[in-house]
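Asker: Chain by chain, the residues:
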Amino acid sequence: MWDMRFDVIVVGGGHAGCEAAAAAARCGAQTLLLTHDPAKLGEMSCNPAIGGVGKGHLVREVDALDGLMGRAADAAGIHFKLLNRSKGPAVRGPRAQADRRLYREAVQALLAETANLTILGEPAEDLVIEDGRLQGVVTGTGRRIACGALVITTGTFLRGVIHIGEQRIPAGRVGEAPSVGLALALERLGLPLARLKTGTPPRLDGRTIDWANLEMQPGDAEPEPLSWLTEAITNRQVECGITHTTARTHEIIRGSLHLSAVYGGRIEGVGPRYCPSVEDKVVRFAQRERHQIFLEPEGLDDPTVYPNGISTSLPEDVQRAMIASIPGLERTVILRPGYAIEYDHVDPRALGPTLECKALPGLFLAGQINGTTGYEEAAAQGLLAGVNAAHVAAGSAAPATLTRAEAYLGVLLDDLTLQGVSEPYRMLTARSEYRLSLRADNAGMRLTEKGIAWGCVGPTRAALHRRFAADVAAALDRARAEGATPAAYAAAGVAVNQDGRWRSALDTLALPAMSAEAAERLFPWLRDLPRRVRAYVEAEALYGPYLARQAGERALLEREEALAIPPEVNFAEIAGLSNEMRDRLQRARPTTLGGAGRLPGITPAAIAALAVHLRRGVSRETA
Amino acid sequence: MSVIFALATGAGRSAVAVMRLSGAGTGEVLAALAGRLPAPRRASLRLLRHAGVELDRALVLWFPGPGSYTGEDSAELHLHGGPAVIAAVAEALAALGARPAEPGEFTRRAFLHGRLDLTAAEGIADLISAETEAQRRQALRQAEGGLAARHAAWAQRLTQLLARQEAFIEFEEEDLPGDLDARVEADAATLRGELEAMLAEGDRGEKLREGLTIAILGAPNAGKSSLLNALAGREAAIVSARAGTTRDVVEVRLILAGVPVTLADTAGLREAADEIEQEGIRRALARAETADLRLLVFAADAAPDEATLALRGPDALVVLNKADLPHAGLEGALPVSARSGEGLAALRQRLEEAAAARAGLAEVAVLTRPRHRAALREAVEELARLPEAGLPELRAEALRRALRALGRLTGRVDVEQVLDVVFGEFCIGK
Ligand SMILES: Cc1cc2nc3c(=O)[nH]c(=O)nc-3n(C[C@H](O)[C@H](O)[C@H](O)COP(=O)(O)OP(=O)(O)OC[C@H]3O[C@@H](n4cnc5c(N)ncnc54)[C@H](O)[C@@H]3O)c2cc1C
Ligand SMILES: Nc1nc2c(ncn2[C@@H]2O[C@H](COP(=O)(O)OP(=O)(O)OP(=O)(O)O)[C@@H](O)[C@H]2O)c(=O)[nH]1
Ligand SMILES: [Mg+2]
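Chain order of the listed sequences is H and B.
Going by this note's numbering, the first residue of the first sequence is number 44, and it counts up by one from there.
Going by this note's numbering, the first residue of the second sequence is number -11, and it counts up by one from there.
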């Protein structure tokens, strides 16, 4: 009755799906990737850039778990920039603008060399569920394929509707049909669905842009790769242009607001606060005279330019007038109009901390379907879901998951599954209470050993990581053991308190008075450290005192995190909880006291009552 | 939660007694007693019956949750205030499955349902135990959210500061206002100044809530016990011509300028040979240590003793007792006589001024508990780190911690609120 059988099936070949399929396969699961069109694997549906502040952190975490995204971005990058270079290492975010075609090719090449992975160009139309257990899927051609675990990563394709002015086109991405069958199947499962929207700007023909009269912005002279496996960036690098909207642009937009899909009231979905359409910008920030636009080339031999900053759902002719009112774009041809897209997403509170559906074990959801936005957010979820799907298919009970203190991916999982989303969710470093320790430069130190234990990290990466970890440990030991007296620091031109107290290199490396030259004069061995090792030591020196100061608080949080809420706990029986609190807890079923505390609307008093109950339970057992 | 009931008015005979009910199921209990549910929040007159027996004709009010005081379904029965009526209704309520409330349980439920923040709940507890007019007004102000409002205003400003700092970190590429980062430090310093001013107002709110202690100290026979009795208006302490009469600390409660005051008479200070007297003196000195104010008593018929002179200081008020006897006066001392009453009115006035200065009702809502002060102090300490922090993420860290410390006053502060401000104030995105 089955046409084929796999350990893991991944539905959807976006960023989430590619990472999920590759991760499951790396874990040893026989994996099938089902997607509409294998030629579109690695497609960037919107902005041709990977990384940034928060997002770059996620890419490094995906990379630390041996994912594809960092490597593909390095292979395709044509404009690199380390954001926040002038700020501390914790908030520096690597970013690459990629050649769209090169990126697709890189992802497809990485997938092709992945063992245990089969790719099939067919949509999934339905789920096969028997006796309350997930058995497999049915494809668009009627094939029935059995699996041990399933990961759905269909992005914006669930009942997607594209809006351009008053036009409405059912679609997943422009030119691609939406997934209706699967949406119905998920609805039948009783998964709570809600509607979100997002938008994209028109694409421009770069050959018709007046580059000569625009301010140009080069990338970094020394590109910072996104993957730690990358030795050097070899692509030719290009510049971006910068221009601005004008008073005339704003006039055109104001005059046509009623035609905008968003403002005309034809869209009910909620859009992201941080990605407003240009209509939004003009209305909400009416006092602003102009808005900045980055003109980003989409490829080395592709004339398409992505104008970052003017996402819109106005009718095409208005878009043309709008573009013509922008300096440098007076004669520019629009290759593809901008649009807004509305789609269904699943309320991620229906998922547990491994992204497995609480209602249907074996079914995982990852990516934009969970209400997130962004390639990096999708990739990170995909990877984690893929690993767990492989574990479930192999019958392993050990869940692979991460806490807020361990990774931005942990923050993402926790926020999604406990808070749910009220707008498309994007990662920001501000979301982490552990920002100073979750850095892009220490992602490997935080995660690679875990990845090795989970089985998703290959031998090359594992060896590289272990060498790095050993170097770091040795360098930190040395920086703690070696130091100088205040007199010696002063002699090297570094002002420290003349209190006669010996200070280690680690104590002084981050002092504002300590220049790189002075540091090397005092501790010549610093010069011999590999660049990344030295940067790591310097970051530890900078944040060490802060992290120490927070140790108490962190310990408290970790204790709350460690206080597990056993699945059999009946919230209705806990004394001192109001009905409303009981309902909220019962619905969300947080797995730790810490998680309960982060649920929206849970009062501190309710947490106290819960803590008392849990601790009492513990002491009774141990007594 | 189960239905609870309690008499909201005092015990004893009265014209009207109010019985309060709260909890899921209050509606059923009320309907069983009063026939059917009255219209919400409208007073209606009903004959209360139980088990075929008529209990009382009462004014009945029905407050469906969550818009009630506790946030639960609740009700009030305005009964005739006789003990027999109250007992019969209580018995009927218990028979219908309700149980007597524990002390403070209504307010605790209101807090659990998020109807009150922590400071308001504290205010209500204080309101119930207020003894004086000044205490009552202070407690009411807090119960009505006065402290929460001051806190909310600071928290909002701090949120705004943090949002600016966060925007500066997250959105380097957007064209944000150029002075974003620079303004954070200056604005944080202003805010810190205000918090410090609040702390500098001192612990008057706590003192008004808890009351002041005034210790009466002096040599044996200076007339300390006589003064205590004169101020209290009754013979609370034993007076005798024998030096070393008082051994235990004798306390009386007074109200001075609306502040509850404990006046403590102590053993006379001297080199004592007697073991019991020695212990009394030890206690006297311990009390001198912890008292908010020391009343130092010298006698006109004796030279000022060293032990008492040593206790002078800013929190000391000096009197020269037995001013009815011939005397040459004492520098800085108010002449009084416990015997003739001379100077006692002036002494009382000086004590009232001192009490008002240390614990009087303030113009605005003030900190009334040590935990308030601790939270504020922590916020100030974090803000003080800002100038030395150097990097934006370290400044943000200090701001976050300050906000969290402030949040402890009333509840939590979360990331979403900060992000709301980031995206509301700055135009960010593609
Ligand atoms: C118009 C638009 C604008 C956007 N703007 C931004 C932005 O400005 N900034 C930002 O960070 N992010 C933006 N995004 C979001 C970003 O592109 C996505 O978050 C990210 O690509 C999601 O990845 P995903 O893997 O979850 O889904 P997708 O990349 O959408 O991939 C879904 C995949 O599933 C496949 N699929 C769908 N249904 C089926 C089926 N039934 N069977 C088999 N395969 C199926 C599709 O073919 C596709 O390959 C935008 C997205 C869109 C569409
Ligand atoms: N003339 C005069 N005698 C006073 C006055 N006040 C107290 N006395 C007398 O002084 C003696 C001591 O008074 P107490 O009030 O017992 O003195 P005390 O300071 O409490 O003494 P100890 O308890 O022994 O430390 C008593 O005989 C009082 O009557 C006063 O104002 N004038
Ligand atoms: Mg006495």
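FYI, nobody ran anything at the bench for these hints, they're computed from the structure.
Note that beta-carbon positions come from the ideal geometry of N, C-alpha and C, so glycine has one too.
A portion of the hints provided could be inaccurate.
Said to hold, decoys possible - EDC-like cross-link-like pairs, simulated, lysine to aspartate or glutamate; straight-line CA separation at most 20 Å:
no.	chain 1	residue 1	chain 2	residue 2
1	H	Lys493	H	Glu563
2	H	Lys401	H	Asp626
3	H	Lys130	B	Asp169
4	H	Lys130	B	Asp163
5	H	Lys130	H	Asp344
6	H	Lys83	H	Glu173
7	H	Lys83	H	Glu156
8	H	Lys130	B	Glu160
9	H	Lys130	B	Asp303
10	H	Lys493	H	Asp390
11	H	Lys83	H	Glu168
12	H	Lys130	B	Glu340
13	H	Lys130	H	Asp484
14	H	Lys83	H	Asp263
15	B	Lys195	B	Glu330
16	B	Lys195	B	Glu376
17	B	Lys195	B	Asp303
18	H	Lys401	H	Glu173
19	H	Lys401	H	Asp390
20	H	Lys401	H	Glu165
21	H	Lys130	B	Asp167
22	H	Lys130	B	Glu119
23	H	Lys130	B	Glu376
24	B	Lys195	B	Glu119
What the hints assert, rightly or not - Only some residues are given here: those of chain B computed to face chain H with a beta carbon under 10 Å:
no.	residue
25	Pro26
26	Leu33
27	His101
28	Glu294
29	Glu319
30	Ala321
31	Leu382
Stated by the list, open to error - Residues from chain B that keep clear of chain H, each with C-beta distances beyond 12 Å, as calculated:
no.	residue
32	Leu49
33	Ala78
34	Gly85
35	Arg97
36	Ala98
37	Arg138
38	Glu158
39	Ala177
40	Asn217
Asker: All the hints need checking, so say for each whether the structure fits it.
Answerer: Verification of the hints:
For the hint pairing lysine 493(H) with glutamate 563(H), the CA-to-CA distance comes to about 35 Å; that exceeds 20 Å, so the pair is violated. In summary, the hint linking lysine 401(H) to aspartate 626(H) is supported, as the alpha carbons are separated by about 17 Å, within the 20 Å threshold. With a C-alpha separation of about 12 Å, the suggested pair lysine 130(H) and aspartate 169(B) falls inside the 20 Å cut-off, and the hint holds. Taking the CA atoms of lysine 130(H) and aspartate 163(B), the gap is near 17 Å; set against the 20 Å cutoff, the hint holds.
Taking the CA atoms of lysine 130(H) and aspartate 344(H), the gap is about 35 Å. The hint is violated against a cut of 20 Å. Of the supplied pair hints, the one linking lysine 83(H) and glutamate 173(H) is violated, its CA atoms being roughly 33 Å apart against a limit of 20 Å. Proposed proximity of lysine 83(H) and glutamate 156(H) is supported: the alpha carbons are some 17 Å apart, at most 20 Å. Annotation: proposed proximity of lysine 130(H) to glutamate 160(B) holds, straight-line Cα distance about 10 Å (limit 20 Å).
The straight-line distance between the Cα atoms of lysine 130(H) and aspartate 303(B) is roughly 51 Å, outside the 20 Å bound, and the hint therefore fails. At most 20 Å may separate the alpha-carbon atoms for a hinted pair to count; lysine 493(H) and aspartate 390(H) exceed this at roughly 28 Å. For the hint pairing lysine 83(H) with glutamate 168(H), the CA-to-CA distance comes to about 19 Å; that is within 20 Å, so the pair holds. With a C-alpha separation of about 57 Å, the suggested pair lysine 130(H) and glutamate 340(B) falls outside the 20 Å cut-off, and the hint is violated.
Using a Cα cut-off of 20 Å, the hinted pair lysine 130(H) and aspartate 484(H) holds, with the two alpha carbons roughly 14 Å apart. With a C-alpha separation of about 30 Å, the suggested pair lysine 83(H) and aspartate 263(H) falls outside the 20 Å cut-off, and the hint is violated. For the given pair, lysine 195(B) sits about 30 Å from glutamate 330(B) by alpha-carbon distance, which is inconsistent with the 20 Å threshold. A distance of roughly 36 Å separates the Cα atoms of lysine 195(B) and glutamate 376(B); the hinted pair therefore is violated under the 20 Å criterion.
The straight-line distance between the Cα atoms of lysine 195(B) and aspartate 303(B) is roughly 15 Å, inside the 20 Å bound, and the hint therefore holds. Straight-line distance between C-alpha atoms of lysine 401(H) and glutamate 173(H) comes to about 17 Å, which keeps the hinted pair within the 20 Å bound. For a cut-off of 20 Å, the pair hint linking lysine 401(H) to aspartate 390(H) stands: about 12 Å separates their Cα positions. A C-alpha spacing of about 27 Å is found between lysine 401(H) and glutamate 165(H), which places the hinted pair above 20 Å, so the restraint is violated.
The hinted pair formed by lysine 130(H) and aspartate 167(B) meets the criterion: a straight-line CA distance of about 16 Å does not exceed 20 Å. Of the supplied pair hints, the one linking lysine 130(H) and glutamate 119(B) is violated, its CA atoms being roughly 56 Å apart against a limit of 20 Å. Taken as a hint, the lysine 130(H) and glutamate 376(B) pair is honoured in the structure, with Cα atoms around 15 Å apart against an allowance of 20 Å. Our distance criterion of 20 Å between C-alpha atoms is met by lysine 195(B) and glutamate 119(B), whose separation comes to about 13 Å.
Annotation: interface hint on proline 26(B) violated; nearest CB of chain H at approximately 23 Å, more than 10 Å. Because the closest C-beta pair between leucine 33(B) and chain H is about 31 Å apart, greater than 10 Å, the hint is violated. The beta carbon of histidine 101(B) is positioned within 10 Å of a beta carbon in chain H (closest approach about 5 Å), and the interface hint is therefore held. Because the closest C-beta pair between glutamate 294(B) and chain H is about 42 Å apart, greater than 10 Å, the hint is violated.
Interface hint at glutamate 319(B): violated, since its Cβ lies 47 Å from the closest Cβ of chain H, which is beyond the 10 Å cut-off. Because the closest C-beta pair between alanine 321(B) and chain H is about 49 Å apart, greater than 10 Å, the hint is violated. The criterion of a C-beta within 10 Å of any C-beta in chain H is met by leucine 382(B), whose closest approach is roughly 7 Å, and the hint holds. Here leucine 49(B) stays apart from chain H, with its beta-carbon at least about 22 Å from theirs, past the 12 Å limit.
Residue-level check passed: alanine 78(B) sits 23 Å from the nearest beta carbon of chain H, beyond 12 Å. Even its closest Cβ contact with chain H, about 17 Å, leaves glycine 85(B) beyond 12 Å, as expected for a residue assigned away from the interface. A Cβ of chain H approaches the Cβ of arginine 97(B) within 12 Å, the least distance being about 7 Å, so the stated non-interface status is violated. Annotated as non-interface, alanine 98(B) brings its C-beta within 12 Å of a C-beta of chain H; the closest such distance is 10 Å.
For arginine 138(B), the shortest C-beta to C-beta distance to chain H comes to about 20 Å, beyond the 12 Å cut-off, and the non-interface label holds. A cut-off of 12 Å between C-beta atoms contradicts the statement that glutamate 158(B) is not in contact with chain H; the least separation is 5 Å. Listed as a non-interface residue, alanine 177(B) keeps its Cβ farther than 12 Å from every Cβ of chain H; the least gap is roughly 20 Å. In this structure asparagine 217(B) is separated from chain H by more than 12 Å, as the shortest Cβ-Cβ distance comes to about 48 Å.
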